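Enquirer: Residue numbers (this note's numbering), protein chains in the order written: chain A, 1 to 484; chain B, 1 to 484; chain C, 1 to 484; chain D, 1 to 484.
Honestly, the hints are just simulated from the structure, not real lab data. Hints are all accurate, no fakes.
Below, simulated SDA-like cross-link-like pairs (lysine to any residue); rule was C-alpha separation at most 20 Å, straight line: (1) D/467 x A/318; (2) B/414 x A/167; (3) C/413 x D/25; (4) D/134 x D/119; (5) C/159 x D/421; (6) D/413 x C/157; (7) D/467 x A/419.
Since the structure is predicted, the reported quantities are computational estimates derived from the model, not experimental observations.
4 protein chains.
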Amino acid sequence: MKIKTGADYMESLKSLSPKIYYKGQIIDDVTTHLATAPHVRAAAMTYAVASSENHRELATATSHLTGRTISRFTHIHQNAEDLIKKIKLLRVLGQKTGTCFQRCVGFDGINAVYSVAYEIDQKHCSEYLERFKKWLVRIQDENLMVVGAMTDPKGDRSKGPAMQDDPDQYVHISKRSSEGITIRGAKLHMTGAVNSHEILVMPTTAMDETSKDFAVVCSVPVDAPGITMIFGRQANDSRRDLKEMIDTGNPSFGAVGGEAVIVFDDVFIPWENVFMDGETDFTGLLVYRFAAHHRANYGACKTGLMDVLTGAVSYLSQIQGTSGGSHVRDKITEMIHLSETLYSSSIACSAEGVPTPSGAFMVDTMLANICKHNVTRFHFEVARLAIDLAGGFIATLPSEHDLRSEDVGPLVKKYFKGISDIPVEERIKIGRLIEAMTGGTAMVESMHGAGSPQAQRIMIFREGRLKEKIELAKALAGIPGKGA
Amino acid sequence: MKIKTGADYMESLKSLSPKIYYKGQIIDDVTTHLATAPHVRAAAMTYAVASSENHRELATATSHLTGRTISRFTHIHQNAEDLIKKIKLLRVLGQKTGTCFQRCVGFDGINAVYSVAYEIDQKHCSEYLERFKKWLVRIQDENLMVVGAMTDPKGDRSKGPAMQDDPDQYVHISKRSSEGITIRGAKLHMTGAVNSHEILVMPTTAMDETSKDFAVVCSVPVDAPGITMIFGRQANDSRRDLKEMIDTGNPSFGAVGGEAVIVFDDVFIPWENVFMDGETDFTGLLVYRFAAHHRANYGACKTGLMDVLTGAVSYLSQIQGTSGGSHVRDKITEMIHLSETLYSSSIACSAEGVPTPSGAFMVDTMLANICKHNVTRFHFEVARLAIDLAGGFIATLPSEHDLRSEDVGPLVKKYFKGISDIPVEERIKIGRLIEAMTGGTAMVESMHGAGSPQAQRIMIFREGRLKEKIELAKALAGIPGKGA
Amino acid sequence: MKIKTGADYMESLKSLSPKIYYKGQIIDDVTTHLATAPHVRAAAMTYAVASSENHRELATATSHLTGRTISRFTHIHQNAEDLIKKIKLLRVLGQKTGTCFQRCVGFDGINAVYSVAYEIDQKHCSEYLERFKKWLVRIQDENLMVVGAMTDPKGDRSKGPAMQDDPDQYVHISKRSSEGITIRGAKLHMTGAVNSHEILVMPTTAMDETSKDFAVVCSVPVDAPGITMIFGRQANDSRRDLKEMIDTGNPSFGAVGGEAVIVFDDVFIPWENVFMDGETDFTGLLVYRFAAHHRANYGACKTGLMDVLTGAVSYLSQIQGTSGGSHVRDKITEMIHLSETLYSSSIACSAEGVPTPSGAFMVDTMLANICKHNVTRFHFEVARLAIDLAGGFIATLPSEHDLRSEDVGPLVKKYFKGISDIPVEERIKIGRLIEAMTGGTAMVESMHGAGSPQAQRIMIFREGRLKEKIELAKALAGIPGKGA
Amino acid sequence: MKIKTGADYMESLKSLSPKIYYKGQIIDDVTTHLATAPHVRAAAMTYAVASSENHRELATATSHLTGRTISRFTHIHQNAEDLIKKIKLLRVLGQKTGTCFQRCVGFDGINAVYSVAYEIDQKHCSEYLERFKKWLVRIQDENLMVVGAMTDPKGDRSKGPAMQDDPDQYVHISKRSSEGITIRGAKLHMTGAVNSHEILVMPTTAMDETSKDFAVVCSVPVDAPGITMIFGRQANDSRRDLKEMIDTGNPSFGAVGGEAVIVFDDVFIPWENVFMDGETDFTGLLVYRFAAHHRANYGACKTGLMDVLTGAVSYLSQIQGTSGGSHVRDKITEMIHLSETLYSSSIACSAEGVPTPSGAFMVDTMLANICKHNVTRFHFEVARLAIDLAGGFIATLPSEHDLRSEDVGPLVKKYFKGISDIPVEERIKIGRLIEAMTGGTAMVESMHGAGSPQAQRIMIFREGRLKEKIELAKALAGIPGKGA
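The task is simple: from the sequences and hints, build the whole structure.
Expert: Structure, rendered in structure tokens:
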């Protein structure tokens with residue numbers, strides 16, 4: 001691995017020159033700019049854990065392509081154990097960052113494209129997998145961060161890609177030449193985009209024959225000509241930008257993954273980096289595989305975040321002198337219960353993983369959808385319980401400026417004090433951490449990341465094997481079955 | 001009414017000189033300062049509706065003390081119809097402001113103190129009610145805004161007022177003289193404090209004989225010597241402070257009531273404005289009455305907010321081309337269902353209102369507690385559904401600066417467009433409104449305002465009349481009853 | 001009132017000769033037959049309360065037609081107070097019977113037909129209301145029990161009345177003559193049918209012009225020629241039939257309303273008892289009015305049942321020595337909370353009642369639908385909590401025969417004993433009461449009585465006034481409105 | 001395996017002569033008595049699947065003691081794969097029987113006693129494990145069914161075993177001799193007891209030194225002198241007893257496991273079958289291990305039942321012509337979602353299984369508790385949704401006698417018909433199956449089997465590692481940790 005440490009990673013980002021806007025201004029260096037630095041630090045943790053004695057086994061793997069030790073985030077899952085290790089790694093990283101560390105998007109993209117490329121080749125006699133392996137060895141050896149880019153703007157959602165007034169509402173091939181292709185369009189909500197090395201572009205939905213130009217998979221460096229990124233607002237981003245450190249809640253790592261819009265304005269990609277070109281019959285499968293892998297993750301990383309929240313309210317109840325209350329214990333129990341319910345599905349869909357024709361392992365898709373669907377409920381309930389236990393002060397706390405003011409600082413310290421032997425700053429910091437983790441952007445991400453709730457429901461119904469279940473019921477009710 | 005219009009109200013605030021800090025700085029004029037102006041405008045709406053043809057009947061009342069037409073917010077409820085009119089008024093104001101308009105805190109304080117003063121006088125041969133009536137006529141005639149000040153810091157919550165290391169953790173009388181009293185301590189989370197005229201101080205909990213100095217009710221102008229206020233942070237307050245108007249979501253009225261800490265540093269109050277002095281035996285009743293009135297409100301004002309949210313996601317689904325989806329309609333149905341469930345209890349506890357010995361009407365306390373308790377659940381669920389229907393873009397939208405940028409503005413406009421015949425700015429504005437109303441401070445307020453969930457559960461259990469219910473069960477099961 | 005007491009009522013039933021089947025056999029006398037007697041006793045309670053000092057005010061009313069004192073169950077609501085009194089009466093009756101007392105179905109039918117007849121007459125120059133008043137005066141004066149008969153079998157639900165293979169799937173007029181009409185078809189789930197005096201037939205759904213013969217409202221005595229009833233099975237009905245008294249749980253009044261199928265095999269009805277004949281344009285309104293009235297009730301009678309359940313588990317926790325547990329208190333609190341939430345909507349939709357053109361008062365339809373919809377959730381949750389608190393013994397208790405057995409009776413008594421000073425029979429009886437009230441038929445009735453959940457959701461969406469709400473949101477987001 | 005088939009199993013039961021009472025009468029032959037036969041058939045399925053080509057791999061295992069092929073239900077788990085196979089086997093059996101097949105209680109008892117016996121021996125230098133292995137080889141070779149007997153009556157639950165007025169409220173050693181011990185007391189809710197071969201007695205709770213005589217583990221044949229069983233009532237058991245086959249819903253296998261009280265009236269047990277005698281320090285661990293294994297199961301067998309329910313309502317919606325409704329599909333989706341959420345935890349706690357010191361594998365206890373705790377919620381919600389989709393007819397259906405009656409049979413058939421091409425009997429049978437699986441005993445068992453909800457919450461809180469979580473939160477909030 002060329003990039004070994006968090007510091008290496010940051011250094012590597014400095015050598016890139018992506019065009020990124022934030023609040024109307026260009027960002028020169030994502031590693032130091034106040035808006036992006038926390039997200040860089042969170043992603044850096046995915047590099048750092050690989051060197052940690054405690055986590056190395058989870059954080060690294062042996063490449064099935066080269067036999068070399070690589071970051072797990074660049075690995076093709078070879079068995080169910082790999083899938084489970086991914087889950088455990090994500091929970092640890094969630095616990096250590098309290099936020100999104102971004103790198104699993106590309107990880108899942110790599111695994112989805114790998115297995116689908118194999119199947120396209122089998123059917124269409126193409127050679128995508130060889131191209132992709134070559135590309136992947138580079139990613140593994142250099143240990144690059146890849147952003148999986150799937151979500152298109154979609155414009156009028158009652159219409160498909162080819163029916164939009166503006167074709168750029170879905171990324172598509174605008175030109176083909178002997179050297180390669182050019183693509184146009186945009187991808188929204190791109191987690192970790194501004195601090196990745198490469199963008200792995202994938203289609204956003206199943207398509208039919210009318211949408212051949214929209215069926216494209218390819219990879220491109222983040223600073224390729226024609227690419228513009230616009231970094232999105234987050235809840236309370238100005239606290240971060242104005243260096244109000246305590247008030248940001250999670251000053252080191254931020255509240256969310258650092259999402260951006262990526263615009264492709266006729267961006268050229270050489271053929272060696274094109275992994276799907278018009279095979280609309282595989283777009284659905286690719287989305288399905290990517291989504292399942294990604295949905296499995298949410299029961300891991302978000303459980304890590306809920307572990308932090310559970311710890312935060314536990315500590316706060318000690319500070320406030322309420323930790324002995326039976327309702328306090330009961331609500332903390334509920335927070336743990338919901339967190340571990342989510343974790344269950346992540347583990348289960350991994351333990352039930354199966355090989356694809358390519359040999360790459362897939363999670364159980366039903367259970368992965370179950371997992372994410374519960375995140376869209378239970379993370380909100382855990383946040384609600386945290387807000388309940390935290391108390392109203394997280395909504396009315398004066399700012400850090402007041403805390404430090406000569407005039408009113410002593411008043412803030414006096415009147416936000418809890419029990420006597422814990423410094424008031426600790427109560428304030430924990431309160432701000434809870435605030436940051438339970439409101440706004442953080443929760444919206446949890447709802448929609450890896451697919452909105454209805455996307456999971458469609459899959460759950462589709463994979464529910466109702467015909468078999470009807471036969472079970474008929475047998476017990478004494479009704480002759482299909483075969484009778 | 002001296003103050004007749006919203007403009008009158010703003011004018012009246014200019015003549016006061018409260019000492020208010022925000023982000024370490026003094027606020028000179030709350031009507032123009034960016035941090036406080038939206039809250040002033042929201043409170044001004046409580047004045048404005050009184051002149052509106054449509055709402056006058058709800059917004060005004062006839063004083064039972066003077067026979068003069070007064071703002072309902074200064075009225076003593078004379079019957080159940082008054083209670084119901086209050087509820088309807090609050091829903092309208094919630095719909096019109098999309099936030100907390102603050103003035104019901106004082107309203108409920110006035111009603112609670114009025115009825116309790118009567119009962120103290122009956123028992124202790126005091127003359128609090130006469131004093132209070134005199135004060136109240138002034139409030140009614142001048143149409144002043146009063147902040148009801150109840151919540152003390154409480155320090156170590158495992159200990160009562162008199163057992164704290166620092167006695168100032170609960171507001172108390174620090175000195176008595178022939179002219180009056182001085183009080184010390186602080187009140188937290190004071191909604192509307194910075195733009196009120198008077199502070200009505202009340203005890204925060206039931207107390208016993210050991211806490212006589214803490215059993216104090218009194219009124220004091222917001223700019224009395226010794227009073228300092230510190231205005232609290234809110235979610236995304238810097239967007240407001242930096243005039244990022246669209247990004248604030250609800251630029252006119254803000255996201256919440258504008259809470260502040262009020263510190264009393266030996267503040268003098270003449271006897272004529274003291275309405276309880278040491279009658280600990282009535283502290284519980286006062287809190288109980290205030291809380292019940294206030295809890296009743298939440299099913300009204302918050303329903304108004306949820307009406308706005310429901311409208312916002314309905315419109316957004318039209319813009320995005322998804323309004324025909326059965327799951328979209330189903331979720332909107334659920335939002336309405338939960339909102340109206342809340343509203344039911346507000347109406348019911350008012351319709352079931354009963355007179356206190358003073359003649360002032362009280363809501364049904366059981367149903368008022370039910371009401372607020374459901375708010376702490378259903379408002380969160382409504383917000384969750386709104387986030388679901390809004391889509392992920394409310395978490396990743398670029399800022400207003402990007403929208404207006406020459407470089408990237410056209411890209412933002414192109415890629416956040418929905419259906420073709422609605423301007424992209426409308427999608428963005430609605431998205432920001434939903435963001436503001438579903439995350440952070442707004443939700444925390446809904447959880448803890450008018451009492452945290454456990455406070456309601458204690459009341460619900462206490463008033464559950466279990467003995468009677470046991471007799472019902474025994475009768476049906478054929479078990480001889482108590483009387484047998 | 002001719003029928004004054006419960007005993008009068010039973011006597012009056014003996015003079016009727018309806019044709020009723022149960023388990024393949026004819027029932028001769030519903031007042032003594034083991035299957036029907038509990039339901040007769042429950043209905044008799046609606047007569048008995050009218051003589052009770054405590055309940056007379058709720059249970060009687062003054063006829064607006066005759067000025068005479070009548071049972072409230074035959075009254076046309078004249079104002080919101082009438083509506084509220086109905087709610088309070090139903091809660092009391094639920095508490096006293098622990099089950100369905102059946103008589104509100106006809107009550108709601110009467111009120112719906114009354115107000116709609118007026119409007120049909122206005123539009124179609126018919127004279128239905130006069131006919132209906134004449135009929136109603138008889139019902140009031142004799143104090144008869146009327147079963148409101150609405151639900152048709154419906155056959156293939158993807159098709160309307162006129163499209164069924166078998167037209168009898170919806171009740172319809174099979175013949176018209178100068179004397180009257182004959183009707184064919186059946187009504188299912190007819191609560192209280194076997195012990196009513198009259199059947200008030202109403203259409204089950206909104207219909208269009210193709211279904212004129214199905215748009216029929218009429219009244220007919222339960223023992224008219226051509227009518228056959230089949231009494232339905234209930235959970236554990238054999239315990240009742242075999243006189244296993246303790247094991248039935250609620251031996252006096254049963255677990256549910258005593259539902260039956262009513263078959264009309266060309267039943268003749270004279271014109272004077274026909275109140276709609278082909279006015280399909282009013283079928284929707286009639287269903288709407290009936291359903292709203294009936295849905296309002298469920299938050300009252302079911303709350304009465306939940307009061308009993310709450311008392312039952314409270315007593316059981318005392319018997320078992322667990323009443324001090326914080327989780328026990330918390331679950332009881334939740335049971336009360338959910339019960340009172342339901343009650344709120346019953347009160348609220350009544351307090352917000354409005355006059356129809358006929359002068360008869362209607363509940364607020366939105367809030368009535370909210371009420372019933374919550375019943376389909378919260379009654380189940382209350383039952384679940386009761387099962388939780390009751391403990392597993394309600395599923396494994398030996399039978400009453402074992403309790404009374406010389407061989408094993410002493411063992412049952414020894415090993416199902418709780419604390420020492422309460423007889424073991426009380427634990428067993430309370431356990432059986434909880435069993436009866438939380439499982440099977442009782443719960444199914446709560447789900448589907450007064451309309452299945454989806455029926456309410458359709459109304460809630462339809463009456464949600466989304467256009468107004470969209471305008472509220474646009475106003476706050478700074479988007480020019482419709483009128484702009 | 002001596003007993004190979006379901007028929008062998010039934011034959012083997014005939015050679016036993018347990019003393020069993022039901023409804024005050026002795027049961028002579030459990031295999032033919034109407035009350036017990038369905039449960040015998042359900043248990044027989046655990047034997048039958050071992051011969052099935054499809055299920056042999058799940059249903060059998062290789063004994064680590066003898067190397068012989070044995071029923072998995074007598075196996076000591078040797079690895080996580082064994083744990084997962086158990087889960088899959090239980091789901092299949094749930095699907096095939098639609099009810100409790102009883103045999104996992106003994107299975108879990110065997111595994112708990114095995115691992116704990118090892119640890120007792122290590123600490124106390126006893127030889128329980130050798131004794132137990134000898135016993136277990138017999139169980140494995142003969143393929144016996146063992147009932148794990150844990151739950152004591154407990155009398156006054158505010159007092160422990162040694163403090164009860166009647167010591168028999170907890171099973172205890174009443175005498176010790178050189179040959180063995182005699183025990184007194186009773187075990188309640190004993191699933192499968194009447195059709196087991198052996199009873200494995202275990203303590204019901206953690207005990208201290210004062211309760212040495214209550215700390216007993218031993219095995220005894222079901223027909224040992226001094227044992228009396230009383231078979232409990234179930235919902236609608238008389239339908240079964242009166243051979244109303246369709247009306248029982250699940251005529252082959254019944255609605256629940258067939259629970260009984262087992263009374264021990266000074267029953268003698270030779271030392272060779274005593275596996276704990278006074279080691280109170282291991283009572284807690286034994287209960288903990290047994291409970292965890294057993295709680296893991298509920299996400300498997302109950303998911304099997306929910307599969308049946310999901311199939312039943314799917315088929316019913318086809319029969320009724322409603323399968324195309326979006327709300328129907330949505331509710332079916334929710335049923336699947338909740339079922340698979342439960343299944344997740346069963347799989348996850350198995351995949352995360354760990355070896356005990358004895359080598360026997362244990363499930364992850366946190367996740368096993370999570371699993372069962374969700375059963376106490378989601379099984380109820382699934383039942384509620386099934387009742388919703390089934391429609392009200394399952395509460396009002398006339399009896400089988402009416403269906404077969406010459407008089408009213410044709411009416412029942414005419415008016416309960418759905419779409420034309422499915423026989424009405426199928427609608428009725430499916431309705432009765434849903435009725436049987438959603439009401440009464442079946443649901444109570446789901447709540448309390450393997451421990452009531454509060455038992456799981458205590459474990460979840462205890463194992464929640466709050467200290468570690470507090471450190472995570474402090475680290476992110478920038479608060480110096482414990483170690484700092």
